[in-house]
Amino acid sequence: MEQGEPRLRKKSWRRRYICIGVLGVLVLIVVIAVVVGLVLRNNTQQLKGTFIDRCKKFNVSDCQKVWDAFEQAYVGRDPCEVPMEAYDPFIAAAPFEPACNRMMFWSKTKDVVHEFTAKSDCFVTLEDTVLGAVADGLTWCGKKGSSETFTTDCPGWVDCVNNPVRSFWKRVSAAFADAACGNVTAMLNGSITTPFSSQSIFGSIELKRFNSTRMESLNVVMVTQKNPV
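Its first residue numbered 1, the sequence shown is counted upward by one per residue in the numbering used here.
No lab work stands behind these hints: they were computed from the structure.
Computed from a predicted model, the values in this text were never measured in an experiment.
No residue lacks a Cβ here, since even glycine has one placed at the ideal position from N, Cα and C.
Any given hint might turn out to be false.
Beta-carbon label-pair distances, calculated as ranges [unchecked claim]: (1) VAL161 with LEU138: 12 to 22 Å; (2) ASP78 with THR224: 37 to 47 Å; (3) GLY203 with ASN101: 15 to 25 Å.
Generate the whole structure from the sequences, applying the supplied hints.
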């Protein structure tokens, strides 16, 4: 009996170590799951907060309604299966008044055109309206079967045609072009080989949506990079 006691003790301690190890792994898994959940929730809240704050700058009466219409377009969907029409409710919910004779379209001149409009009230780009301002520079997507909004691991612009961000900009660009009226201006990049591309949003969406009965003219401005002499 005395010779068997050390073996029993060793087995007992071994079981304890195994149990403690298993318990530690389970605790670690739970902690990781909680942390990931909190991070995702914080990212969603941060995106929503930015969206709502930008919306309020346009004195919109119900920015929560605008957010809800925006979110329903992609939540619960495969992030590569969000057509531009999914944002129709957002277009309907976001109040937008066309600025006749002041609407500025652009292609491959984003930084220049926004620097220009920021210094002058003469022109208005899509990103200067509630339609574009609320999501400018942001990334978002949903996952099939999930009610969450994600800001990471989302498809990039060229990863798939019907991704949430690309479809959003195609839809709001179409709405902005539909409203074009009076004398309309487009700023293109004259420093590149092909200032106009039929594959760009301006060439494939906006230009095709212009209504000649609402517009008087389309003025194209070519900007070039100033090289030091």
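Quick rundown of the hints versus the structure:
Between VAL161 and LEU138 the Cβ separation comes to about 20 Å, which falls inside the hinted range of 12 to 22 Å. For the pair ASP78 and THR224, the beta carbons lie near 42 Å from each other, so the given range of 37 to 47 Å is met. The hinted range of 15 to 25 Å is satisfied by GLY203 and ASN101, whose Cβ atoms lie roughly 23 Å apart.
Going through the hint list in order, the structure satisfies each hint without exception.
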